Amino acid sequence: MSHIGSYEERIKNFDWSISEKELGYKDGDDLNIGWYCSDRICEMGKADKLALNWEGLGGVEKKYTFDDVRINSNKIGAFLRSLGIKNEDRVCLFMDKIPELYIGFLGVLKIGAIAQPLFSAFGDESLHVRLDNAQTTAILTQRKHVGKVRKLIEKSPYLKHIIIVDHDGKKPLKERELTFDMETYEEPKDFKVFPTKAESASVLHYTSGTTGQPKGVKHVHYSLISQYLSTKWVLDLQEDDIYWCTADPGWVTGTSYGIIGPWSMGITQCVLDTGFSASSWYKFIQKHKITMWYSAPTAIRSLMKAGDDVIKEYDLSSLRHLASVGEPLNAEAVIWSGKVFGHQFLDTYWQTETGSMMLTNFPGMKIKPGSMGKPFPGITATILDSKTFEPIMETGKIGLIGFKPGWPAMMRTYWNNEETYKSKFKNGWYLPGDRSTIDKDGYFWFVGRDDDVINTGGHLVSPFEVESALLEHEAIAESAVVAKPDEVNMEVVKAFVTLNSGYEIDDMLELNIMNFIRKKLSPLAMPQEIEYVKSLPKTRSGKIMRRLLHAKEWGEEIGDTSGLDDDE
Amino acid sequence: MEEMKDVILEYVIEEYLEDEDEELTYDTPLISGGIVDSFSMVSLKRFLEAKYKISIPDEKASPEAFDSVNKIVELVKEFVG
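Sequence lines, in order, name chains A and B. Start counting the first sequence at 0; every next residue gets the next number (numbering that gives the first Met the number 0). Start counting the second sequence at 0; every next residue gets the next number (numbering that gives the first Met the number 0).
Bear in mind the hints are in silico, worked out from the structure with no lab data behind them. None of the values given here were measured: they were computed from a predicted structure. Every residue gets a Cβ at the ideal spot worked out from N, C-alpha and C, and that includes glycine. One or more hints might be untrue.
Said to hold, decoys possible - Going by beta-carbon spacing under 10 Å, a handful of chain A positions derived as facing chain B:
1) Gly57
2) Leu82
3) His160
4) Ala277
5) Gln285
6) Glu486
7) Asn514
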């Protein structure tokens, strides 16, 4: 029997106090996610239960019980406190998917500081704008990534501590650098968890928009209430489950459902910290007897591409429940997973700002492949007219997705950017920026973004950020960046550029530009294709008409071009 | 072919290896080892195509085929005249 039971019954009788009650939380109590995910689980008698089974390259494994997680997160908290780091200071976690990332996240929260996880593949420029925006006090990182931090140290006076978690002593430390070894650091006596409250800031995740710099999405400790219950009802984690969330905690799925959700329920999870290959993933499932698998459409489509034969080489019979997040999961992938794994991937829809699942397919519910499913209990969702922002009552009509604000995990603001935060609300609805339809049975069907943001492999890339970085390349005079359709990643970055005089088109220049963006921003932001043009389409006022380039890539109608510069 | 091996190895070290202390051999797993991610694979493919004046079809450019310098050499050899 699934935890959710009857969806219809849950909807009828829903109140967020269901989650509060299960977590033993009452209004006004202290609420600290770090404590809930470690100390509380130990107090419930699960101290010796395996919390994390980590595997790195070459099959190297590390195992941590919930008591290990409690002690080690206390160690990290105590160490940060010894540096003078206090509540509300921002502490960045810039690491691969190593145990220090998962446990360090809780350690940061336990002292009331704000965890700022960042994807370790970010280049120095992407890292800098995010640290600068948050005025981050300390960064926890690895030897292999410290070079990127060193590049920005001069222009980051607020960054007081660069903490290397795997320093081997072979090379001397540089300015502001220090080391921390989670295994050997002495367990603190009488460590006190900071008494954060429901509305105390917890996590700062960065997300990209069409224009401007990335936005820091501020979440609070009360988000736990949504994250716990959605983990329970959608991911349907049971006491003996072995859970695998493939997301990197540099992104919101990796924290909401890769740390907070499973550990607040006291569930064992496995982490694979290696690159992707179909055989290594299947081998991992077989070896650890994974039962619940939460992954992403890009990975699922890559597995499809790898073929069915490789699946036959592994025993994947432990799997009992699969779910997906990141971008819409196409119907073919849903059907394929049912055929080869015996279980369909259930799509879930949410975003960094919502903090927890909003529209989902539930265990036991009739699945319509390709649909995002229905609203989570307690979530009021609709489709809005794009001009009036009034709900569209007609089924099948395309409109903007709108959510009634008020669920626990909703972002509280964009860091230092209240104006943009306010702009996300229209007529009393929160707009996530996606277009959809609703069918007669109340299922939501994704149509597309309502802006120019590129969703590549489930990650949002700002065209503005890539265009700005391209202009820093010596050969480029002008740039415009749009999404290009892609079979595996849904969308990839495509750049249109004009060259400065003296530069000629050749393969090596293209490669040079690609690598320039990859290192400066991230591999996700790297244009997968560069098209050289003599000029870019502009309005008479000189603004680049990105939508024309987008329409060309997607084979869509170009629409109104009356504003186009006559010379173009 | 020794030269091709070295050219590719040197390029991977120069462009993708973040950990200066990590030793890279012809057999070090690149994709499954997390040194080259699936997005960056596109730029590595572009390098091979430009350097050896070849065209590698997308269906041949799988994570498995790019998983070590030795495997990449095997792949490139298929297309070099």
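How the hints compare with the structure:
Proximity of Gly57 of chain A to chain B holds as hinted, the smallest CB-CB distance being about 9 Å (cut-off 10 Å). Proximity of Leu82 of chain A to chain B is violated relative to the hint, the smallest CB-CB distance being about 25 Å (cut-off 10 Å). With a least beta-carbon distance of about 21 Å to chain B, the hint placing His160 of chain A at the interface is violated under the 10 Å criterion. Residue-level restraint check for Ala277 of chain A holds (minimum Cβ-Cβ distance to chain B is 8 Å; threshold 10 Å).
With 10 Å as the threshold, the beta carbon of Gln285 of chain A stays out of range of chain B, its nearest partner Cβ sitting at about 16 Å, so the hint is violated. Restraint check, Glu486 of chain A versus chain B: the minimum CB separation of about 9 Å is within 10 Å; hint holds. Proximity of Asn514 of chain A to chain B holds as hinted, the smallest CB-CB distance being about 6 Å (cut-off 10 Å).
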